[in-house]
Amino acid sequence: DAGVIQSPRHEVTEMGQEVTLRCKPISGHNSLFWYRQTMMRGLELLIYFNNNVPIDDSGMPEDRFSAKMPNASFSTLKIQPSEPRDSAVYFCASSSGTGSYNEQFFGPGTRLTVL
Amino acid sequence: AQSVTQLGSHVSVSEGALVLLRCNYSSSVPPYLFWYVQYPNQGLQLLLKYTSAATLVKGINGFEAEFKKSETSFHLTKPSAHMSDAAEYFCAVSVPASGGSYIPTFGRGTSLIVHP
Numbered sequence: 808d809a810g811v812i813q814s815p816r817h818e819v820t821e822m823g824q825e826v827t828l829r830c831k832p833i834s835g836h837n838s839l840f841w842y843r844q845t846m847m848r849g850l851e852l853l854i855y856f857n858n859n860v861p862i863d864d865s866g867m868p869e870d871r872f873s874a875k876m877p878n879a880s881f882s883t884l885k886i887q888p889s890e891p892r893d894s895a896v897y898f899c900a901s902s903s904g905t906g907s908y909n910e911q912f913f914g915p916g917t918r919l920t921v922l
Numbered sequence: 011a012q013s014v015t016q017l018g019s020h021v022s023v024s025e026g027a028l029v030l031l032r033c034n035y036s037s038s039v040p041p042y043l044f045w046y047v048q049y050p051n052q053g054l055q056l057l058l059k060y061t062s063a064a065t066l067v068k069g070i071n072g073f074e075a076e077f078k079k080s081e082t083s084f085h086l087t088k089p090s091a092h093m094s095d096a097a098e099y100f101c102a103v104s105v106p107a108s109g110g111s112y113i114p115t116f117g118r119g120t121s122l123i124v125h126p
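As given, the protein sequences belong to chains A and B, one line each in that order.
Quick note: to get our numbering, add 807 to the position in the first sequence (first position is 1).
Quick note: to get our numbering, add 10 to the position in the second sequence (first position is 1).
Do not rely on the hints blindly, as some may be mistaken.
Just a sample of chain A residues kept apart from chain B, beta carbon distances all over 10 Å, derived [to be verified]:
| no. | residue |
| --- | --- |
| 1 | PRO815 |
| 2 | GLU821 |
| 3 | PHE881 |
Which residues of chain B face chain A? A partial, calculated answer using Cβ under 7 Å [stated by the list, open to error]:
| no. | residue |
| --- | --- |
| 4 | PRO50 |
| 5 | GLN52 |
| 6 | LEU54 |
| 7 | LEU56 |
| 8 | ILE113 |
| 9 | PHE116 |
| 10 | ARG118 |
The following label-pair restraints were derived from C-beta to C-beta distances [unchecked claim]:
| no. | chain 1 | residue 1 | chain 2 | residue 2 | range |
| --- | --- | --- | --- | --- | --- |
| 11 | B | THR65 | A | GLU821 | 51 to 61 Å |
| 12 | A | VAL860 | B | MET93 | 43 to 53 Å |
| 13 | A | VAL819 | B | LEU66 | 39 to 49 Å |
| 14 | A | ARG848 | B | ILE70 | 25 to 35 Å |
| 15 | A | PHE881 | B | PRO126 | 38 to 48 Å |
| 16 | A | VAL819 | B | TYR49 | 15 to 25 Å |
| 17 | B | GLY26 | A | LEU922 | 23 to 33 Å |
| 18 | A | ASN859 | B | LEU56 | 36 to 46 Å |
| 19 | A | SER894 | B | GLN52 | 11 to 21 Å |
| 20 | B | LYS79 | A | PRO815 | 38 to 48 Å |
| 21 | A | ARG892 | B | GLN52 | 21 to 31 Å |
| 22 | B | MET93 | A | PRO815 | 23 to 33 Å |
| 23 | B | LEU28 | A | ALA879 | 39 to 49 Å |
It is worth saying that the hints were derived from the structure and are not from the lab.
Beta carbons: idealized from backbone N, C-alpha and C, even for Gly.
From just these sequences and the hints, can you work out the full model?
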């Protein structure tokens, strides 16, 4: 299996622009998670989906952030408009089932820089 | 509320020395605990997990962790550090969430530095 795939790996944009991050989970996994990692805040859970349905988006920082999962093999995280404080590494992770002991498989991340 | 505390944002050891990374948790229900490792410019990957079977859990790359309920701890150890162990290590506790599923709460991470 190719693992969790994220694109792009690096994104540099200017403040005010729209940014779209993409994720393809591992085939057969039914839970998908979006995280943001910064030096200041560590690893933060933004939103997670179960069977393509958003379950908890309480970690989404503000209305500028939105996430979708139109089918089991694709998810997007959109920031519109972007701001310099959104600069971070964004990770997508997937897992099978909803059991408490199910490990998460992380993608390589997208490093976002907003100028 | 559940939480994870990793003591020490940085741990420095010499190659061949014992590695000890500390993790304490709080949970209102029996916890499921994990250690993940993150190498530079990569995502997190699972080292080991505790799922209420044996309290001493063995993972990849010679790492192990012991669940101690009385101390609410799940410290990670390795008898002899290798240069390739230099990475960021995250402890996580899995807790019940909305919709009957479980999501992990991650600690802030500990950066392991290995000196030659």
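Comparing the hints with the structure gives:
no.	hint	verdict
1	PRO815	holds, 14 Å
2	GLU821	holds, 24 Å
3	PHE881	holds, 18 Å
4	PRO50	violated, 11 Å
5	GLN52	holds, 6 Å
6	LEU54	holds, 5 Å
7	LEU56	holds, 5 Å
8	ILE113	holds, 6 Å
9	PHE116	holds, 5 Å
10	ARG118	holds, 4 Å
11	THR65(B) to GLU821(A): 51 to 61 Å	holds, 52 Å
12	VAL860(A) to MET93(B): 43 to 53 Å	holds, 44 Å
13	VAL819(A) to LEU66(B): 39 to 49 Å	holds, 46 Å
14	ARG848(A) to ILE70(B): 25 to 35 Å	holds, 28 Å
15	PHE881(A) to PRO126(B): 38 to 48 Å	holds, 45 Å
16	VAL819(A) to TYR49(B): 15 to 25 Å	holds, 23 Å
17	GLY26(B) to LEU922(A): 23 to 33 Å	violated, 45 Å
18	ASN859(A) to LEU56(B): 36 to 46 Å	violated, 24 Å
19	SER894(A) to GLN52(B): 11 to 21 Å	holds, 19 Å
20	LYS79(B) to PRO815(A): 38 to 48 Å	holds, 44 Å
21	ARG892(A) to GLN52(B): 21 to 31 Å	holds, 24 Å
22	MET93(B) to PRO815(A): 23 to 33 Å	holds, 31 Å
23	LEU28(B) to ALA879(A): 39 to 49 Å	holds, 44 Å
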